[in-house]
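Asker: Protein chains in written order, with our numbering: chain A, 76 to 186; chain B, 660 to 773.
Everything labelled a hint here was simulated from the structure, so no lab data went into it. Every residue, glycine too, gets a C-beta built ideally from N, C-alpha and C. Possibly wrong hints are sitting among the right ones.
Stated by the list, open to error - Pair ranges (Cβ atoms, derived):
#1 Lys738(B) x Arg155(A): 43 to 53 angstroms
#2 Ser660(B) x Lys131(A): 22 to 32 angstroms
#3 Lys739(B) x Gly91(A): 50 to 60 angstroms
#4 Gln704(B) x Ser126(A): 17 to 27 angstroms
#5 Leu136(A) x Thr754(B): 21 to 31 angstroms
#6 Asn689(B) x Lys101(A): 30 to 40 angstroms
#7 Gln714(B) x Glu128(A): 27 to 37 angstroms
#8 Ser743(B) x Ser99(A): 41 to 51 angstroms
#9 Gly134(A) x Pro673(B): 41 to 51 angstroms
#10 Ser143(A) x Ser736(B): 36 to 46 angstroms
#11 Leu150(A) x Lys739(B): 38 to 48 angstroms
#12 Arg701(B) x Thr142(A): 20 to 30 angstroms
#13 Ile712(B) x Arg155(A): 36 to 46 angstroms
Said to hold, decoys possible - Covered stretches of chain A (in silico footprint by chain B; criterion: 3 or more residues with CB under 8 angstroms from a CB of chain B, positions within the stretch not fixed):
#14 137-144
#15 147-154
Claimed, not checked - To give an idea of the chain A side of the interface with chain B (calculated C-beta under 8 angstroms), a few residues:
#16 Gln89
#17 Ala160
#18 Phe163
#19 Ile173
#20 Pro174
#21 Phe176
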Amino acid sequence: SQQGEEDPQALSIQEGENATMNCSYKTSINNLQWYRQNSGRGLVHLILIRSNEREKHSGRLRVTLDTSKKSSSLLITASRAADTASYFCATGSGGSYIPTFGRGTSLIVHP
Amino acid sequence: SQTIHQWPATLVQPVGSPLSLECTVEGTSNPNLYWYRQAAGRGLQLLFYSVGIGQISSEVPQNLSASRPQDRQFILSSKKLLLSDSGFYLCAWSTGASTNEKLFFGSGTQLSVL
Numbered sequence: 076s077q078q079g080e081e082d083p084q085a086l087s088i089q090e091g092e093n094a095t096m097n098c099s100y101k102t103s104i105n106n107l108q109w110y111r112q113n114s115g116r117g118l119v120h121l122i123l124i125r126s127n128e129r130e131k132h133s134g135r136l137r138v139t140l141d142t143s144k145k146s147s148s149l150l151i152t153a154s155r156a157a158d159t160a161s162y163f164c165a166t167g168s169g170g171s172y173i174p175t176f177g178r179g180t181s182l183i184v185h186p
Numbered sequence: 660s661q662t663i664h665q666w667p668a669t670l671v672q673p674v675g676s677p678l679s680l681e682c683t684v685e686g687t688s689n690p691n692l693y694w695y696r697q698a699a700g701r702g703l704q705l706l707f708y709s710v711g712i713g714q715i716s717s718e719v720p721q722n723l724s725a726s727r728p729q730d731r732q733f734i735l736s737s738k739k740l741l742l743s744d745s746g747f748y749l750c751a752w753s754t755g756a757s758t759n760e761k762l763f764f765g766s767g768t769q770l771s772v773l
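Please build the complete structure, drawing on both the sequences and the hints.
Answerer: Structure below.
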């Protein structure tokens, strides 16, 4: 079953603009991860934020986590055409080894 | 460094034919291994995962099976493919050190069943 759900499903922006994607989930989590998938390729891990963290940065990426609202956001600043991809959140909970993935947000950055 | 190899990259098979997709991991020992399927424009559906040799857990009942004959080898099989088996298949691994850690994905196999 899918726990995380990304919003919006699709996002189209111009190069240089910021892109914000959101992820909502239903049950308590140990951590939340964001992945990127270029068309026809495997997923690449971007960032992991644990349930006791509120914000994390990695280069142009900023992830926030609000456990009271059961939501997370991924911000990509100063977007580039190369950021065009699908972005997935994945939640980990309980003693499971396995993150549960959402359906993803398709991001298109126009040059 | 660790690497994951998945092949073939694309595969076109007739309905009723057998299937064998292979995945190998290098540079790590006793990884957790996973097979996911992704339908066009959809999220990832976990098919199988394994925490050790010969240990396979199935998440979705179907005509697919998985095997782990060696520590770093994971195979997805079918005796008779269905049209509904078409999709993008992804192999992944994670360390067995703790739960919910990040996954490392292969480059995927695009399977078309005709």
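Asker: So which of those numbered hints doesn't the model satisfy?
Answerer: As far as the earlier hints go, 8, 14, 15, 16, 17 are violated by this structure, in ascending order.
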